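Protein sequence lines, in the order shown, are assigned to chains D and W. Residue 2 is where the first sequence starts when you use the working numbering, and the numbers rise one by one after that. Residue 153 is where the second sequence starts when you use the working numbering, and the numbers rise one by one after that.
Derived from the structure by calculation, the hints contain no laboratory data. Predicted model, so just to flag it, every value in this text is computed and none were measured. Yeah, the Cβ is synthetic: ideal placement off N, Cα and C, and Gly gets one too. Only true hints are included.
Derived CB-CB ranges, DEER-like:
(1) D:Lys82 <-> W:His208: 34 to 40 angstroms
(2) D:Val48 <-> W:His208: 43 to 49 angstroms
(3) W:Leu340 <-> D:Asp383: 34 to 40 angstroms
(4) W:Glu389 <-> D:Gly292: 29 to 35 angstroms
As a list, the in silico SDA-like pairs of lysine to any residue whose alpha-carbon atoms are at most 20 angstroms apart:
(5) D:Lys82 <-> W:Glu320
(6) W:Lys394 <-> D:Leu395
(7) W:Lys380 <-> D:Met216
(8) W:Lys356 <-> D:Asp39
(9) W:Lys401 <-> D:Leu395
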Amino acid sequence: MTEIRIDRNLCNGCGQCIEACPFGAIRLDSEDRAEILDNCTFCCSCVDACPQNAIEIEADPVVKTVNLEDYSGIWVFAEHKDGQLRQVVYELLGEARKLAEDHHIPRVTAFLVGSDAKTFAPLLIGYGADRVLSVPLIAEHDGNEEAVCAAAAPIISKYHPEIILIGATAFGRSCAPRLASRLKTGLTADCTALAIDKESGLLRQTRPAFGGNLMATIICPNHRPQMATVRPHVFKPAAFDGKRQGEVLTEEISPLQHLAVRLLKTIKNPEGAINISDAEIIVTAGKGMGGAKNIPLVEELAALLGGAVGSTRPLVDAGIMPYNKQIGQTGKTVGPKIYLACGVSGAIQHLAGMSSAETIIAINNDPDAPIFSIAHYGIVADAPDTVRELIALLK
Amino acid sequence: MMKIIVCTKQVPATNEVKMDPVTNTIIREGVEAICNPFDTYAVEEALRIKEKQGAHITAISMGIPTVAPMLKEVVALGVDEAVLLTDRKFAGADTLATAYTLAKGIGKIGDFDLVICGKQATDGDTAQVGPSLAETLSIPHLTDVGEIKELNSKTIVCRRMTDDGYDELEMDLPCLITVTKEINTPRLPSILGIKKAQKYKVHKFNANICEENDIHIGLSGSPTQVVKTFIPTSAVECQFLKIKALADKLRELSNIEEEGN
Ligand SMILES: Cc1cc2nc3c(=O)[nH]c(=O)nc-3n(C[C@H](O)[C@H](O)[C@H](O)COP(=O)(O)OP(=O)(O)OC[C@H]3O[C@@H](n4cnc5c(N)ncnc54)[C@H](O)[C@@H]3O)c2cc1C
Ligand SMILES: Nc1ncnc2c1ncn2[C@@H]1O[C@H](COP(=O)(O)O)[C@@H](O)[C@H]1O
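Using the sequences and the hints, build the whole thing.
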């Protein structure tokens, strides 16, 4: 069993570990020495923070389950829907290329599972794949977690990639944990930065926790593949190069006989409504927009900018906006290029869903509203009026 | 009768997590621990099934001993039994080890038809434990369920949120779903419920539910390791603009984006 220990002779009660602990799991005991509480998760933040080197972690000997040398290459899971690759696939290929080139990783493979998948091969190669590996499914099995995992797992075990990147889409976030559990390896959710450690060669996966208040860098040292889901819009796709060459391979699997989950019907958002998880521009209405009567203003501005409409929670709770537009901790996480917050206070739970937006612009009549502390641009003014004027100016 | 397991996790009440502007650290004082908001929808959905067609509900949680009062709270709402998986050996678990431990606990509880999890826990925000638990239990799963349309002894029909709308799917039991806030509005406990819960003793399971020296639990069963945590530096200094300049900025930014495509 892993133990964490404080050397009472070295500890001088300075309390820096208490501040460093993201879990509130350290306090000073009656003799002013640090004491680790039960809710410690062994994250080791305190070990680095202690100026006295008084904190020691004693971990169990590592049980190596796989031979790490057998694993090589980066795979990108090429999710597709309705005959199109998801945007995040291009972003992942761009990032995978960079990692591969910087660290002499032999090859980037785009991994395609589904019917007609091979037709995407030229696109995937043009955007950075050295190899396209496709596993055909029958059409009814497309986009079904059970079928996709059943097809993917044996192929991954056969080729043993070192790293697998999966887009943190609704499907990716459902499929990836199932797949990682089947492969008995680690998975880091919703990463916003990736790097490869020069010395160890390990993938350093950075992700927000505690609603974005804290960033955590995570590694998967002894299991393979190292798997991560990655937030859309974080990385940039590489430019398309039609002259790139790549290999195209197909692996056959025997299809599942019976699916435990069956799709009955699909209900698409109304035509023209841009899905906020994919949107590059989002205009969000908060309580300061003044209620249902002004929502058409926000919709008009969003349409002018070619963006989607988002909402804070109070509007959803009041039935003014649908839940699928709620952004934040209990709603969706978005990462657009432009986030325009109209009458949004910037509560921490809201920030949790949008703080990774590239440019944040806030309209609020309160100059002390917390949203201004993360906004790049702001205007202290009435939100409905400002939106109205912006529409007039942009038309 | 249908047997339902609800997974509940205790998390810090993040609405009270504030950043200290001077030291740039999270202010911890007075941060209460609450039931993960998404799990309250999971509990409520189980209660609604119980009311409609009869069910036996067991809430399960892995955590430190002080999680027991949270489980009593769900008993006060009408949950039949509550199980706390607690042992120092479980500490440091990542999502794989958490799912494994929960699966062991569920195995000890016995047969079940439906497992309900929250969409995600608000401390780690991973949304991985649900699907991972389903895989460990070898049952199918659906995430982001916003409505149960039908439920009988063999199948469940659910509506789940996708990136661009909704899907309606049918799934064989036993199975696992993770639920979003869209699914219901959680109730408050009744006086009678609170009285019942006061007398209720939460079942506690320790690492004996696993084999001796089981390497799949706690830190040793966790492939992922946190190597660094840091407070994101928000170096942004908000630039205040007049309306004209704001319109120009918007035009410029959205145009840049168009050219970039
Ligand atoms: C567990 C939990 C989970 C939550 N999850 C979410 C979530 O996912 N998403 C979410 O959004 N919230 C969530 N919340 C709620 C969150 O704490 C805030 O209450 C919410 O985000 C506030 O929404 P708001 O900014 O629209 O409203 P308010 O906080 O009321 O802010 C309105 C703002 O508008 C400004 N204003 C008022 N009138 C005008 C005007 N005429 N012109 C310009 N500005 C004006 C005000 O100055 C104020 O800053 C959650 C809360 C909890 C406890
Ligand atoms: N320690 C735990 N005990 C019980 N349930 C948990 C635990 N951790 C996660 N869960 C369940 O899994 C869901 C997703 O959690 P997470 O993957 O941590 O975001 C939660 O909403 C809970 O239903």
